[in-house]
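Asks: Starting from the structure of chain D, add chain W where the hints point.
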Amino acid sequence: MRASRNHPAFWAFLVHRLSGVALAFFLPAHFYVLGTALDGAARLDGVLAWTEQPLVKAAEWVLVLLLAAHLAGGLRLLALEFLPWRDWQKTLAALAAGVSLACALAFALAR
Amino acid sequence: MSVRHEVRLWVAQRATAAVLAFCVVVHLATIIYAVRGGLTAAEILERTRGNAGLALFYAVFVLAAAIHAGIGLRNVAAEWLGWRGRSARFAVMFLSLLLAMLGLRAVWAVCA
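For the protein sequence lines, the chains are D and W, in the order given. Residue numbering for the first sequence is 195 to 305, as defined by our numbering. Residue numbering for the second sequence is 977 to 1088, as defined by our numbering.
The shape of chain W in the complex, shown without the other chains:
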């Protein structure tokens, strides 16, 4: 793996971390507010359905989380399991794509 590629991944990890820091603060505040008095589908969907701003926010959140988690797991696999090379890259890329697809599907499910 080239040094340039490693630097790109490092920058992507930090850039997504900065995006996620903002998103997680908003998400934590939202869930702490939303769970008061229990959760119902009607209550959740009433807030989220047709809300384009919320959909955009959570789409960005999902994509940043998918990239961040993939790079983070790649580092953990290399440092703790000694799992490097092509197979590790494909496994992590698969996991990132899976997270992105499942996450965007969830955003669609509650916001569309």
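With the rest of the complex left out, here is chain D:
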């Protein structure tokens, strides 16, 4: 692996980008599910019952992790671009990872 890629900032960039792409492609499905409420509560309940399957629940957990990771990575980027904190890159990357995992764990415990 090239030295430029074996660095926390590169991994932070990769996680931010991949989570962003995944979320962009998940959103239409999420909006579609919520839109089923237009056909009545029973239809939405049918879709919600489907989400009780273990695999779907695991996918939801991953999605919450991706959302939290994209949020934390985005805040890291905004801080790097707009605040004079450039020496804190590794700390910010670690903080982003920690916050993401905490959100996903809270969701997993609640679900």
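Just so you know, these hints were derived from the structure itself, not from any lab. Just so you know, not all the hints are guaranteed correct.
Stated by the list, open to error - Partial list, derived from the structure: chain D residues whose beta carbon lies under 7 Å from chain W: (1) V215; (2) A216; (3) V256; (4) L265; (5) L269; (6) A300; (7) A304.
Stated by the list, open to error - The calculated label-pair distances, taken between Cβ atoms and stated as ranges, are: (8) D/F219 x W/T1016: 23 to 31 Å; (9) D/T285 x W/G1013: 35 to 43 Å; (10) W/E982 x D/P278: 21 to 29 Å; (11) D/L299 x W/R1065: 35 to 43 Å; (12) W/A1064 x D/L277: 26 to 34 Å; (13) W/A1010 x D/A252: 29 to 37 Å; (14) W/H981 x D/P248: 28 to 36 Å; (15) W/A1005 x D/A216: 18 to 26 Å; (16) W/V1001 x D/P278: 39 to 47 Å; (17) W/R980 x D/A253: 28 to 36 Å.
Glycine included, C-beta positions come from ideal geometry on N, C-alpha and C.
Replies: Frame of chain D; chain W shown alone:
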């Protein structure tokens, strides 16, 4: 693509990121709170139906996400796939509009 246009997209990406940072924190807290004990349509709709504040919040969330996702995918398409130019612009604009329409439809479905 002119430098001025690129700058506008950069500013739009950062401005929507700032809006989304607030919206995602609220959304994450809401879903972690809402999923406790399982989800039912009645429980969700009871909270959301007729709630104008929630509708406004999620409409802003949807529009910011549609713009942010479109610009982000445009950058990914250019840098990773080498897909630039008019076709890439139209594809991304189509995706952004699709996200905005589907998202606003979802807001209407649960809040109206």
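Asks: Next step is simple, just say for each hint if it's right about the structure.
Replies: Checked hints:
1. Residue-level restraint check for D/V215 holds (minimum Cβ-Cβ distance to chain W is 6 Å; threshold 7 Å).
2. Given hint, D/A216 at the interface with chain W, is violated; its Cβ is 11 Å from that chain's nearest Cβ, farther than 7 Å.
3. A least Cβ separation of about 14 Å between D/V256 and chain W goes past the 7 Å threshold, and the interface hint is therefore violated.
4. Because the beta carbon of D/L265 sits about 5 Å from the nearest beta carbon in chain W, less than 7 Å, this interface hint is met.
5. About 6 Å separates the beta-carbon of D/L269 from the nearest beta-carbon of chain W, less than 7 Å, and the hint is met.
6. The interface hint given for D/A300 is met, as the beta carbon of that residue sits about 5 Å from the closest beta carbon of chain W, less than 7 Å.
7. Among the interface hints, the one on D/A304 holds; its C-beta lies about 5 Å from the nearest C-beta in chain W, closer than the 7 Å criterion.
8. Restraint check, D/F219 to W/T1016: a C-beta distance of roughly 27 Å satisfies the suggested window 23 to 31 Å.
9. Between D/T285 and W/G1013 the CB atoms are about 37 Å apart, so this pair conforms to the stated range of 35 to 43 Å.
10. One distance hint, 21 to 29 Å for the beta-carbon pair W/E982 and D/P278, holds here, with the actual separation near 25 Å.
11. The hint said 35 to 43 Å for the Cβ distance between D/L299 and W/R1065, and at roughly 40 Å that hint holds.
12. Between W/A1064 and D/L277 the CB atoms are about 32 Å apart, so this pair conforms to the stated range of 26 to 34 Å.
13. Against the hinted window of 29 to 37 Å, the Cβ-Cβ separation of W/A1010 and D/A252 comes to about 19 Å, which falls outside the hint.
14. Distance hint check for W/H981 and D/P248: the Cβ-Cβ separation is about 47 Å, which falls outside the suggested range of 28 to 36 Å.
15. For the pair W/A1005 and D/A216, the beta carbons lie near 21 Å from each other, so the given range of 18 to 26 Å is met.
16. The hint said 39 to 47 Å for the Cβ distance between W/V1001 and D/P278, and at roughly 24 Å that hint is violated.
17. A hinted range of 28 to 36 Å is violated for the C-beta pair W/R980 and D/A253, which are about 41 Å apart.
When the structure is compared with the earlier hints, violations turn up for hints 2, 3, 13, 14, 16 and 17 and for no others.
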